[in-house]
Structure formats: structure tokens, C-alpha cells
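Undergrad: Let the sequences and hints guide you as you build the complete structure.
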Amino acid sequence: MSLELMDVVWVSLWLFTLLNVVAVAALSLVWLERKLLGRMQGRVGPTRVGPFGLLQPIADGIKLLMKEDIAPGSSSRVLFFVAPLLVFVPSYMVWITIPFGRDLFVRNLDLGLFFFVALSVLGIVGLVLAGWSSNSKYAILGGFRSAAQLVSYEIPIIMTILVVAMLAGSLSFHDVVLAQDVVPYAAVQPLAFGVFLLAGLAEVGRTPFDIYHAESEVVGGPFVEYSGAHWAIFFLAEYINTFMVGALGALLFLGGWRWPVGDVPAAAGVALFLFKTYAIVAVIFWVRATYPRMRIDQLMSFGWKVLIPLSFAAFVVTAFQMFYGWPIWMLTLLSLVILVPPIYIQLRWQRTPAMALAKHYAEIAVAVHAQPRPVPVAAVTEAHAAPGTEDDA
Amino acid sequence: MTTERQHDTIDMMLNMGPQHPATHGVFRMVLTLDGERVLDVTPHIGYLHRGSEKLCEGESYGQVVTLFDRIDYIANLNNELAFCRAAERLMSIEVPERAMYIRVILAELNRVASHALFIGTYAIDLGAMTPVMYGFRERERIQNLFEAVTGARMMHNFIRIGGVKEDVPDDFGPRVRQLIGQVREGIEEMDRLLTFNEVYLARTRGVGVIDAATAISVGLTGPSLRGSGVAYDVRKDDPYEIYPYLSYKVPIGENGDCWDRYYVRLQECYESLSMISQCLDQMEAGPTMVQMRRIARPPKGEVYVHSENPRGDIGVYLVSDGTDKPYRLKIRPPSFCNLVGLAPMTRGSYIADAVAILGSLDIVLGEVDR
Chain A
1 MSLELMDVVW VSLWLFTLLN VVAVAALSLV WLERKLLGRM QGRVGPTRVG PFGLLQPIAD
61 GIKLLMKEDI APGSSSRVLF FVAPLLVFVP SYMVWITIPF GRDLFVRNLD LGLFFFVALS
121 VLGIVGLVLA GWSSNSKYAI LGGFRSAAQL VSYEIPIIMT ILVVAMLAGS LSFHDVVLAQ
181 DVVPYAAVQP LAFGVFLLAG LAEVGRTPFD IYHAESEVVG GPFVEYSGAH WAIFFLAEYI
241 NTFMVGALGA LLFLGGWRWP VGDVPAAAGV ALFLFKTYAI VAVIFWVRAT YPRMRIDQLM
301 SFGWKVLIPL SFAAFVVTAF QMFYGWPIWM LTLLSLVILV PPIYIQLRWQ RTPAMALAKH
361 YAEIAVAVHA QPRPVPVAAV TEAHAAPGTE DDA
Chain B
394 MTTERQHDTI DMMLNMGPQH PATHGVFRMV LTLDGERVLD VTPHIGYLHR GSEKLCEGES
454 YGQVVTLFDR IDYIANLNNE LAFCRAAERL MSIEVPERAM YIRVILAELN RVASHALFIG
514 TYAIDLGAMT PVMYGFRERE RIQNLFEAVT GARMMHNFIR IGGVKEDVPD DFGPRVRQLI
574 GQVREGIEEM DRLLTFNEVY LARTRGVGVI DAATAISVGL TGPSLRGSGV AYDVRKDDPY
634 EIYPYLSYKV PIGENGDCWD RYYVRLQECY ESLSMISQCL DQMEAGPTMV QMRRIARPPK
694 GEVYVHSENP RGDIGVYLVS DGTDKPYRLK IRPPSFCNLV GLAPMTRGSY IADAVAILGS
754 LDIVLGEVDR
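From first to last, the protein sequence lines stand for chains A and B.
Letter 154 of the first sequence, counting from 1, is numbered 154 in the working numbering, and no numbers are missing.
With positions in the second sequence counted from 1, the corresponding number in the working numbering is that position plus 393.
Just so you know, the hints here were simulated from the structure itself, not pulled from any lab data.
Don't be surprised by glycine CBs; every beta carbon is placed ideally from N, CA and C.
Wrong hints could be hidden among the right ones.
[Unchecked claim] Quick list of in silico lysine to any residue cross-link-like pairs, SDA-like style, CA-CA up to 25 Å:
(1) Lys35/A with Met526/B
(2) Lys35/A with Pro414/B
(3) Lys305/A with Pro414/B
(4) Lys642/B with Leu129/A
(5) Lys137/A with Thr425/B
[Claimed, not checked] Sample of chain A residues facing chain B (criterion: CB under 8 Å; computed from the structure):
(6) Gly42
(7) Asp210
(8) Ala214
(9) Val219
(10) Asp297
(11) Gln298
(12) Leu339
(13) Ile343
(14) Ile345
(15) Gln346
(16) Arg351
(17) Met355
(18) His369
(19) Ala370
[Stated by the list, open to error] With beta-carbon atoms standing in for the labels, derived distance ranges:
(20) Trp349/A with Ile403/B: 36 to 44 Å
(21) His369/A with Glu677/B: 17 to 25 Å
(22) Lys67/A with Glu578/B: 40 to 48 Å
TA: Take a look at the structure:
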């Protein structure tokens, strides 16, 4: 295969366009998050820079780029400055194979899903490296946390992607979307969709799994020593990853640019795809506004004892359905049935006892009864002298 | 939880604070870590030491009130009340009833404001970022009322020896009633969002457990003690002002974990709101200040008076040598005493728990360091 000059030019052009698209998407996410969180918290969010504060992320970006780039004196400088790139490059490269619309992609790889899995794992190296090279205790704690968390949550993600690949019979994003013409896989395999969303939250370190950069514990984790442009790159990569989870959810489980309207003009398809993506991202922000953060041991046991078995169950159920040729609604039913026990256990062992305890506390609260108030002598005589002159405060 | 070493590794010393988002000011914990597990914790205090007790000796009795505003800067009015009660006991002053009602209403409102802030900041310690906005919103409403009554949002200097500075504004009654309704709604909102949240339960249930005996022996007071199941409340056990004429419940926990301490505070908010509305019902017109000399010179002697602050039992020990300034003033700050419970609660837990436990003690560094 010979590489023509024009090929190189075209690919470079595409990559440059993609970089801009992804960066703009990430900035839009920053704005959306601040606006949504603000509304949920009784605030208005950014309003000053541009209409509805739309230019706020750009202003923030300019501010970050103009800041001094500080590296701790005791850090390992080369690794310290390489680490942000190691996080950013994979998170950007993944987009090469993501189809925004029917014909809108850089490369439609036959192994697109595999390509995604292979690249997305690479980002962890950057995080661990950032933690290690900073030579700071908070950073290294965060680095270790990120290694443990991201590696364990990679497994359920891969398993759910496998489920989709089995159902579609292909590892290409394009074919996966085409296979969801009638029923999206979120309806076929709700279990896999749920596991995917939860593991996706952990994969990009969003609440309640934002443990490796927990502000109130490790003060930013691997990023604690970074400033200026390098910190901005981490930040950008984080939002690109969040957008990635939304896009993956839209493509793998919600039918990308096709379902439910079928073949539509390219622009409408892109709009549909973006709508689904932003919807999933909005759910992620909603979760952030609602939930506290889990603890590292709870996170690990949730990953290994709940999510991974559930993802395997989804895998096995799908395999059975395909092998025996059961009707597709059986799969939906089965995956819903599998979802019941964990939800029941959660309610039974967490919420119900706490509510019973609260009721118990209401009973054992010590009641103090009011003593009769002695009537002041002056008030008595006054009342006799001129009834009805007491005034109510 | 065990503190046994799990692997043959070197301990890591982590210096958490004095500049750390979760230490509520300039508090410093030196954690000895085995991985994520906390083997030991050494609290270091004193970064906010202003020598308040010594400063009090240089001010006349009336001026000391302003210093008390600045000791626990989340519950200013409760602090003013604590000092004024000590000075009044020393001078044998009978406070007019209306003044006592005003004091109790303001003190209970300040308790609610303090607890609302606690719920918010505690949630942000645990990583939930929404309740803090709600908590500050409720505190803001209460502070607006304080501003209308006292003229200041935080440093009121309103409760004076012998009464209160002046009578409340005319629309005080209806305004407070409206405020109670709003604040109750706001607190219920936080309650719904947080109390039975699965992740919140997982983070707080069974974390930082301290049994009643240990809690008493390390000197916990206030909600932190009541969370362990000891129904000790100065308002109930050593009633002062007009508390005997009010009906209320003293909420207690049983397990002594972070969730219990949180839940006690949450219930106290509701109780305080009901106490305020009882006060409004009972309040009558009358004088709000006793006639007394402009420069108070109490007789020689000493008193120790304690009262219930949002954070616990605040005690004021006052020695007079017959001049217009205190000879010695010693404060028993509840935050400082509650902080003693940190080490026994934290040993053997995780880093994230250390943050949760410190938050559940609800310390105010201004009071810890004085």
C-alpha cells in the first residue's frame, strides 16, 4: 500500500477538523455543566461573558493559557510535562472512528469498537504518570486511586461493548448503528446499558466515582501540582472523555443517527446523534448534582462484586439468546430480571434499615414538656386595672 | 475495622492542612497512612489563635460581647448569650422576660443557621455539591432577619448584659413566622436530597463510631454526644432563660456514627423552628433592658455558666476583682473539646472517612483556637 501525498493532506485536514469539533464539544460541555448545575442548585450559572455566558469556557481557557506553567522543583520534569499529553492524545484519537452521521467520520474502522477499547485504556498511564512524576503525596494517592479505579471499571465497559458487538455481529460502529434500525439496544439489553452508564461514570471519574481527583480528600489527585496550559489539557481531556461516554451510549445503545427515524438527511442525523449524546451527558451532570462521592473501598467492591458480575450476566444471557435463537423480547425480560436482585438488595440493606432507624430515633427522642409560665405580678394587676390592654408581640 | 498492618510497607505521613479544602479553616491533621488506611492522626491547632481570653481581660464587661461574636463566628448570637448570662449571674441581674424571649428566638435561629451550614458543608466534604447551596440559602435568609433586627449580618453585638440592645422591629413576629416556613422547606429539601441517599448512607453509616462511654470520657458535648445516645442538652438539664416554658424534643442517636450525628443536627433544626414559634406565641410586650449603671462593676467573685451552643456545651468561667474589667475569663469551647474525639474515631478508617469524621464533628476553627 503506497501512501499518496494527497491522502496525508486529507487525513491531516480531517484530524484538524476533528480536533476542533471535539474541543468545541468539550467547551460546550463545560458551559452546559455549569449552567445545569447552577439551575439545579438555585443559581443561574455563568451569565456575564457572551449571551447566556456562552463564551465563559473560552474566557476560562484564555485565562489558563496565560497563566504561568509551574512544575514543582522536585518533580521529574520530562514525565511531568508528558503526562497531560498521554491523557489527552488517546481521548482525542478515539474520535477518529466515531461516526457523527451516516457519512461523517474520519475512518470507519472494521474494528472500531476494539480500537476504542485499546486506546481508552492508554489514558490511565498518563494519570498514573502525572501522579507519580509530581512527587507530591496527594498526587501519588490520586494516581494510585486512578490506576485501581480505571483498570477495574474497564472490564464492565468492555463486557458491555462485547454484548453489543455480539448483538450486531460486527465491531464497526457503522454496522452497530445500522443493526439498531428498529429497536435500540438499550431496549434489547437494558442491563448492559445500565452497567455501561455506571461504569462509564467511573471511567471518566464523574460523581459519585470522582475518587481519584476528589477535591475534599486528595485535592485534585494527579492534577494537584499542575497549572496553566497543562492543567487545561487535563481538563479538556476529562470533558472529551465525558462527551465520549455520551457518544458511545448514543451509538451503541440508542441507535446513533438512525433510530427512531430511519434514513434522514445527514444534517438531521447528526442533530439526532448530538441530541442523544447531550442527553446522556446531561444525565451524568444530573447525577453529579445529586450524589455524594463513594469511598475507594466501596468503589472497588461495587466494581468487582456488582458491576463485573452483572456485565458477565448480560454477556451470558445474550449468548444464550443467540445460541438458542430465543425471541428478542426474552432477552429484554431476562436482563430486567437480573437487574432486580441488586436493586432489591440495595434497598433492603441500605435504605430500609436507615428509614427504620430514623423512625426509631423519632421515638427515643427525649421529650421536654413546657412548665406553666408564672404570671408576672405586674401583668395581673394591669389586667385587672384595664382588661384587654395586653398587646401581642 | 482493624488497624493491623496489611502489608510490610513503610507508613506514609500525610500532612492534611492547614490549607486543605476539607479542614474547615486552618486545621492541620497529620495522618499516618498505610495505603488508604489511617493508622493514626495527630491534630495540630493554633493557626487561628488570637488570644481571645487574654483580650477579654483588657476590655470592660460590655465590650467583651464583641469579642465573643468572633469566637464561634457561625453562631455569634449563641456566644453573646453565653457571655451575657455569665456576666449577669456575676452581677445578679434579672433580665426582663421580653428580652429573654428575643434572645432565645435569635439564638435558636442562629442554631438553625449553623446547622444548615453544617449540613451543606458536610455534604461537600462527602462530595455532594448541591446541598451546600441550599444550606447557604437558608442561612442567608436567617442572616437577612438578623440584619433587620441587629443591624449586622454576623458580628451583631446585640445581646447585652441585662437584656438586648433594643426592641425588635414592629414586623418581627410575622416576619419570623414567614421565615420559619421558608427555612423549614429549605431544610426539608436538603433532608430529602441527602438523608436516605444510598451513597450518603454508605459513606456515613458505621463510620467514625464512638460509643457513649468513650464519648463522655473524651468530653464530647452537643449533637456529637447526643449522636452516641446520651441525652445531654444544657437547655434540658440546666435550663436557662425561658427554655423551661417551651416544649421540645431532644433528638438522640444510638450508634454514634457520622450519620447519627448528622441526623441529630437535622432533627434539631426542626425542633428549634418549633421552639421559635412557641416563643412568638408566648412573647409579650415589656422592657427589653434592665436599668443598670453605664460602667458595670460587679462585686468580687467568680461564676461558671454554661449554655447550649450549636456545637455543644459552651462554658464561661468569669473571675471578677471588683473592677470594670474581668480579672480572668476562661472559655470552654465545645469545638475544641469535641476535637478530642477525632483521633479515637478516625484510627483504622480510610482517608475519605477522616474527612467525613472531621466534618461530622462540625468544628469552627475560630472557636478551637480562640
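Undergrad: Please go over all the hints and tell whether each is borne out by the structure.
TA: Hints, verified against the model:
The straight-line distance between the Cα atoms of Lys35/A and Met526/B is roughly 14 Å, inside the 25 Å bound, and the hint therefore holds. For the hint pairing Lys35/A with Pro414/B, the CA-to-CA distance comes to about 24 Å; that is within 25 Å, so the pair holds. Distance check on the hinted pair: Lys305/A and Pro414/B sit about 32 Å apart at the alpha-carbon level, beyond 25 Å; violated. Using a Cα cut-off of 25 Å, the hinted pair Lys642/B and Leu129/A is violated, with the two alpha carbons roughly 55 Å apart.
With a C-alpha separation of about 12 Å, the suggested pairing of Lys137/A with Thr425/B holds against the 25 Å cut-off. Proximity of Gly42/A to chain B holds as hinted, the smallest CB-CB distance being about 6 Å (cut-off 8 Å). For Asp210/A, the suggested interface contact is upheld, since its CB lies about 7 Å from the closest CB of chain B, less than 8 Å. Of the supplied interface hints, the one on Ala214/A holds, with its beta-carbon coming within about 6 Å of a beta-carbon of chain B, less than 8 Å.
Interface hint at Val219/A: satisfied, since its Cβ lies 6 Å from the closest Cβ of chain B, which is below the 8 Å cut-off. Given the 8 Å rule on beta carbons, the hint for Asp297/A holds: about 7 Å separates it from the nearest Cβ of chain B. Annotation: interface hint on Gln298/A holds; nearest CB of chain B at approximately 6 Å, less than 8 Å. Below 8 Å, beta-carbon pairs count as interface contacts, and Leu339/A has none with chain B, the closest being about 15 Å; its hint is therefore violated.
Annotation: interface hint on Ile343/A violated; nearest CB of chain B at approximately 10 Å, more than 8 Å. For the restraint placing Ile345/A at the interface with chain B, the shortest Cβ-Cβ distance is roughly 11 Å, beyond the 8 Å limit, so the hint is violated. Taken as an interface hint, Gln346/A checks out: its beta carbon lies about 6 Å from the nearest beta carbon of chain B, inside 8 Å. At its closest, the beta carbon of Arg351/A sits 5 Å from a beta carbon of chain B; the interface hint therefore holds under the 8 Å criterion.
The interface hint given for Met355/A holds, since its Cβ lies 6 Å from the closest Cβ of chain B, which is under the 8 Å cut-off. For His369/A, the interface hint holds, the least distance from its beta-carbon to any beta-carbon of chain B being 5 Å, beneath 8 Å. A hinted interface residue such as Ala370/A counts as satisfied when its beta carbon comes closer than 8 Å to some beta carbon of chain B; here the least separation is about 4 Å, so the hint holds. The given range of 36 to 44 Å is respected by Trp349/A and Ile403/B, whose C-beta atoms sit roughly 37 Å from each other.
A C-beta distance of roughly 21 Å is found between His369/A and Glu677/B, which places it inside the suggested range of 17 to 25 Å. At about 42 Å, the beta-carbon gap between Lys67/A and Glu578/B stays in the expected band of 40 to 48 Å.
Hint compliance for this structure: hints 3, 4, 12, 13, 14 are not met, and every other hint is.
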